[in-house]
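S.K.: One letter stands for each residue in the lines below.
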Amino acid sequence: MDNQGDVWEVFIQSKPGLAHKHVGNIHAMGKEMALQNARDMYTRRQEGTCIWVVKMEDVTSSVPEEDGSFFEPANDKIYRQATHYVMPEGSKNI
Amino acid sequence: MSDLDKFLKKIENNVKIEPKDWMPDGYRKHLQGQMSQHAHSEVIGMQPEGNWISRAPSLRAKVILLAKIQDEAGHGQYLYSAAETLGKSRDEYINELQTRKAKYSSIFNYPTLTWADMGAVGWLVDGAAIVNQVSLQKTSYGPYSRAMVRICKEESFHQRQGYEIISHMALGTPEQKEMAQDALNRTWWPSIMMFGPHDADSARSGDAMKWGIKVESNDELRQRFIDKTVQQAELIGLTIPDPDLKWNEERGSYDFGEINWDEFWAVVNGDGPCNDQRIDHHIKAHEEGRWVREAANAYAQKNN
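Protein sequence lines correspond, in order, to chains A and B. Numbering of the first sequence is given in my numbering, commencing with residue 1 and proceeding in unit increments. Numbering of the second sequence is given in my numbering, commencing with residue 1 and proceeding in unit increments.
Hints in this document: simulated from the structure, not taken from any laboratory. Small disclaimer: the values here were computed from a predicted structure and weren't measured. One or more of the hints may lead you astray.
To be verified - The following residues of chain A were derived to be distant from chain B, with all beta-carbon distances above 10 Å:
1. Q4
2. V7
3. G24
4. N25
5. M41
6. R44
7. C50
8. I51
9. E57
10. V59
11. T60
12. Y79
13. G90
Said to hold, decoys possible - For lysine-lysine, the following DSBU-like pairs were computed, each having C-alpha atoms within a straight-line distance of at most 30 Å:
14. B/K29 - B/K177
15. B/K62 - A/K21
16. A/K55 - B/K62
17. B/K153 - A/K77
18. A/K21 - B/K88
19. B/K284 - A/K21
20. B/K88 - A/K77
21. A/K31 - A/K21
22. B/K62 - A/K77
23. A/K15 - B/K302
24. A/K55 - B/K29
25. B/K138 - A/K31
26. B/K284 - B/K29
27. B/K153 - B/K62
28. A/K77 - B/K20
29. B/K9 - A/K55
Quick reminder that beta carbons are idealized off the backbone N, C-alpha and C, glycines included.
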């Protein structure tokens with residue numbers, strides 16, 4: 001069977017100073033082609049200043065069904081939120 | 001809670017379904033069919049327009065047409081990528097297209113005979129597609145929804161450039177106006193057929209609505225498209241080829257004539273004017289590109 005190359009996940013920085021954001025994926029044979037295909041696919045209207053491509057098989061994902069237990073350690077630590085703290089009445093700029 | 005209950009709960013709460021989530025087999029199959037049909041339509045849809053690249057009437061018209069066709073290729077890619085997340089490879093989808101197991105929108109089985117058709121296709125075919133795609137942004141499958149958002153951003157350029165072409169011709173010489181009217185006459189009915197059979201005759205619509213794959217019915221979307229489009233035709237002095245078309249005050253919508261469903265089904269089932277030509281051309285282009293894919297693969301392996 002014919003094949004269409006590896007799948008590469010594409011991340012684009014839309015302006016200098018911003019984080020790269022996942023936008024989708026493309027098929028390509030090799031890194032250079034992946035970058036060029038990502039450019040042609042996702043930045044035809046000047047949507048980006050920088051592109052990262054990562055082979056899909058190199059991405060590790062958490063499992064959605066295990067969401068509960070995986071993220072559990074954060075559940076009972078509300079003291080990590082600024083809103084947890086009671087400020088003395090009348091205090092300003094804090 | 002069972003997997004199915006959890007799934008239905010997400011649909012009810014408008015939480016998107018993602019590729020690794022559990023989903024019913026029927027949901028997966030329906031999406032594979034609908035999304036690949038959509039992807040194939042984008043790709044096959046390049047052919048009737050490609051027909052006019054070398055004969056575009058000006059350099060401006062030519063670069064615009066090229067950009068539009070490149071967008072269609074991009075839209076096909078977004079949709080294949082989204083469809084691949086359902087566990088079927090791009091090769092398999094393409095093979096189903098080439099062996100005619102998969103369908104694409106029947107509108108692309110009609111020929112584009114004059115330059116005015118480039119206007120009619122952009123204005124009406126892309127116009128109808130936009131109505132459908134705007135609605136599909138709310139579809140329950142995450143990757144499909146994201147592809148629709150991206151496509152909708154780009155699609156309005158397509159419709160506007162089409163309307164620009166046809167309005168220039170409609171307001172031009174008598175011969176140009178006649179050409180524009182002729183293109184509208186040929187494209188109108190196939191465009192409103194794009195929304196598919198009436199709700200009452202659409203066997204698989206029920207599940208698609210229940211699962212949030214479709215959020216509005218074929219007839220609702222068709223009506224919205226007609227209501228939007230009539231004024232645009234009137235403005236440039238063209239007549240929509242439907243003697244029964246008239247404003248219904250009570251409904252706040254246009255009534256319209258009976259669609260020729262025999263024609264629709266004949267074209268869907270392979271008997272349109274260009275079905276063979278479209279598939280043969282796709283296979284030819286795919287075969288002729290094989291050496292490029294092989295060379296690129298060999299090069300990539302050598303450099304790994």
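S.K.: Assess, step by step, whether the Cα of B/K62 is no farther than 30 Å from the Cα of A/K77, and give holds or violated.
M.R.: Violated: B/K62 and A/K77 sit about 61 Å apart, past 30 Å.
S.K.: Please settle this one: A/V7 was flagged as non-interface, so is its CB more than 10 Å from every CB on chain B?
M.R.: violated (7 Å)
S.K.: Holds or violated: B/K9 and A/K55, Cα atoms, limit 30 Å.
M.R.: violated (34 Å)
S.K.: Evaluate the condition: distance from the CB of A/G90 to the nearest CB of chain B exceeds 10 Å.
M.R.: holds (42 Å)
S.K.: Holds or violated: are the alpha carbons of A/K21 and B/K88 at most 30 Å from each other?
M.R.: Distance ~26 Å between A/K21 and B/K88 Cα, so the pair holds.
S.K.: For the pair we were handed, A/K15 and B/K302, check the Cα-Cα distance against 30 Å.
M.R.: Between A/K15 and B/K302 the Cα gap is close to 35 Å, so the pair fails against 30 Å, i.e. violated.
S.K.: For the pair supplied as a hint, A/K55 and B/K29, is the alpha-carbon distance within the 30 Å limit?
M.R.: Status holds; Cα separation ~27 Å.
S.K.: Please work out if B/K29 and B/K177 have their alpha carbons no farther apart than 30 Å.
M.R.: violated (46 Å)
S.K.: Examine each Cβ of chain B, and state whether all of them lie more than 10 Å from the Cβ of A/N25.
M.R.: The assertion about A/N25 is violated, with a minimum of 5 Å to chain B.
S.K.: Over 10 Å to the closest beta carbon of chain B is the bar; see if A/G24 clears it.
M.R.: violated (6 Å)
S.K.: Compute the least Cβ-Cβ separation between A/T60 and chain B, then decide whether it is above 10 Å.
M.R.: Consistent with the label, A/T60 stays out of reach of chain B, its closest Cβ about 12 Å off (over 10 Å).
S.K.: Just to be careful, I want the Cα atoms of B/K138 and A/K31 compared with a cutoff of 30 Å; is the pair within it?
M.R.: Answer violated: B/K138 to A/K31 is near 34 Å, above 30 Å.
Consistency with the previously given hints fails for numbers 1, 2, 3, 4, 5, 6, 14, 15, 16, 17, 19, 20, 22, 23, 25, 29, ordered from lowest to highest.
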